[in-house]
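Trainee: Protein chains in written order, with this note's numbering: chain A, 3 to 231; chain B, 56 to 252.
To be clear, the hints were calculated from the coordinates, so they are not data collected in a lab.
Each hint should be verified, as a subset may be incorrect.
Said to hold, decoys possible - Over the 10 Å line for every Cβ pair with chain B, so calculated as not near, a few chain A residues:
#1 Phe6
#2 Ser58
#3 Pro63
To be verified - Computed spacing ranges between beta-carbons, pair by pair:
#4 B:Glu183 <-> A:Arg227: 24 to 32 Å
#5 B:Arg88 <-> A:Leu74: 39 to 47 Å
#6 A:Thr76 <-> B:Ser221: 36 to 44 Å
#7 A:Thr31 <-> B:Gly74: 54 to 62 Å
#8 B:Arg72 <-> A:Ile95: 55 to 63 Å
#9 A:Glu20 <-> B:Gly123: 25 to 33 Å
#10 B:Arg72 <-> A:Phe87: 44 to 52 Å
#11 A:Arg59 <-> B:Arg146: 21 to 29 Å
#12 B:Ala66 <-> A:Ala54: 25 to 33 Å
#13 A:Leu212 <-> B:Thr124: 52 to 60 Å
We put the CB at the ideal spot given by N, CA and C, even for glycine.
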Amino acid sequence: MHPFGDLSAYLDGALSSEARASVQAHLDTCALCRTRLAELRGTARLIAALPAPVPSRSLVPRVSIPVWLAPLRTFSTFASGAAVFLFIASALIATLPRAQSAGSAPAAAPTPNALSAPQATSGAGGVAATAGPGSFSVSAPSPAPAPNTDKRSTAGSSPTPTDTAKEISTRQDSGNPSAFAPADQAATRPNRAAEPAPFAFLLSPWLWLLLGVVFAALSFFLGRRLRST
Amino acid sequence: MGPDAGGATEALLDRARRGDARAFEQLALELERPLYRHAARMLGHDDAEDCVQDALLSAWKSLASFEGTSFRAWVFRIVTNRALDRLRSRRRHPELPLDPPAEDDDSGGWAEPAAPGPELADLASDREALRVVEEALAHIPADQRAALLLRDVEGFAYEEIAAITSTEIGTVKSRIHRGRLAVRNILISRGWRGSSG
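Please model the entire structure based on the sequences and the hints provided.
Mentor: Take a look at the structure:
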């Protein structure tokens with residue numbers, strides 16, 4: 003009886019010493035089994051010699067990287083793109099014909115005035131006079147800036163009418179609301195005389211350019227962090 | 056091929072078990088290619104990448120429950136199980152019994168050479184022979200293929216293969232023999248003659 007079923011295990015050194023000795027004794031006398039054993043050995047060697055396929059990407063999960071890193075990178079990339087878009091858009095708005103801005107300047111004049119007027123509730127006549135044509139003191143501020151007026155009031159900021167008048171004249175000279183940081187003011191001064199004060203900085207191209215660069219840099223560094231392991 | 060290399064791997068494993076993610080990544084990196092070649096031969100290239108990646112992630116998550124001595128065998132077990140699961144779900148009708156009969160093969164299982172050809176032992180460098188072996192491996196039952204690859208390519212001992220595939224050692228012995236014999240028979244049927252050495 004040929005021990006064919008044990009030949010592979012014999013080849014692999016996986017037989018008990020008893021069975022191994024038995025197979026060995028048989029092999030010494032059986033040419034057929036020696037042939038079979040050699041065939042199995044040759045087959046095993048071919049299997050071992052198969053060219054190893056290589057993965058097309060890294061398969062190691064990045065467990066050392068915080069889970070929020072990848073989403074943050076995606077966000078940064080999109081934010082950078084959006085900021086660049088807004089940079090272009092705000093730059094285009096900023097270069098609109100000056101006549102258009104100048105034309106709207108008088109209409110917008112009450113806005114900064116109302117912003118700094120402390121008398122939304124008390125209704126001081128002096129300010130009401132500067133606030134707008136034919137308006138009563140209580141209704142002097144236009145609906146839009148009303149919240150700002152309240153804010154100013156609660157903040158306790160109460161410029162005198164003289165201050166207010168001064169501010170207005172300054173604004174009309176410079177064509178720019180004075181309530182903002184000097185840098186922003188300098189950047190936007192030439193072109194945007196009539197922007198609503200609280201959001202004027204949103205139209206600064208430089209703000210968007212800066213944000214675009216910052217987010218691009220963040221995206222770049224997060225990307226490098228994600229790739230390195 | 057061999058079992059876990061000594062000190063360095065042990066140290067990494069200790070650190071990984073204590074939650075050191077970078078240590079785990081390093082361990083996984085060392086096993087990435089062997090795991091992939093195993094999965095690719097079990098499943099084909101497309102599914103193999105996902106299979107290995109999922110398995111490694113699962114290994115990281117359940118590392119605390121790993122109590123064995125061989126991290127390599129443990130991860131191979133995860134990959135092998137996942138590969139077999141995928142194969143089962145891929146086929147509506149499982150083509151093979153998971154526990155083949157334990158009876159010994161008789162001489163009827165040995166195909167005879169159809170025509171004289173080069174000896175098997177000389178064919179390791181022959182691309183055509185390797186292509187035939189690859190094809191043959193793809194056609195044998197998946198559990199035999201798993202056992203055979205774990206033995207001949209990855210060099211695991213029968214006991215380790217039994218643990219990896221959750222079977223008895225007798226079953227491992229049978230699967231390896233049957234799988235190897237099947238590959239041998241396909242080679243022989245293509246005109247090659249076994250070495251008589």
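Trainee: Please go over all the hints and tell whether each is borne out by the structure.
Mentor: How the hints compare with the structure:
1. Phe6: 5 Å, violated
2. Ser58: 7 Å, violated
3. Pro63: A:Pro63 is in fact no farther than 10 Å from some Cβ atom of chain B, at 4 Å.
4. B:Glu183 <-> A:Arg227: 24 to 32 Å: The hint (24 to 32 Å, Cβ to Cβ) is violated, given that B:Glu183 and A:Arg227 are roughly 47 Å apart.
5. B:Arg88 <-> A:Leu74: 39 to 47 Å: Given range 39 to 47 Å: violated, Cβ gap about 31 Å.
6. A:Thr76 <-> B:Ser221: 36 to 44 Å: The hint (36 to 44 Å, Cβ to Cβ) holds, given that A:Thr76 and B:Ser221 are roughly 41 Å apart.
7. A:Thr31 <-> B:Gly74: 54 to 62 Å: Holds, since A:Thr31 and B:Gly74 (Cβ atoms, about 60 Å apart) stay within the stated range.
8. B:Arg72 <-> A:Ile95: 55 to 63 Å: 59 Å, holds
9. A:Glu20 <-> B:Gly123: 25 to 33 Å: At roughly 29 Å between Cβ atoms, B:Gly123 and A:Glu20 fall inside 25 to 33 Å, so the hint holds.
10. B:Arg72 <-> A:Phe87: 44 to 52 Å: 49 Å, holds
11. A:Arg59 <-> B:Arg146: 21 to 29 Å: 27 Å, holds
12. B:Ala66 <-> A:Ala54: 25 to 33 Å: At 27 Å between Cβs, range holds.
13. A:Leu212 <-> B:Thr124: 52 to 60 Å: 57 Å, holds
Taken one by one, the earlier hints fail for this structure at numbers 1, 2, 3, 4 and 5, listed in ascending order.
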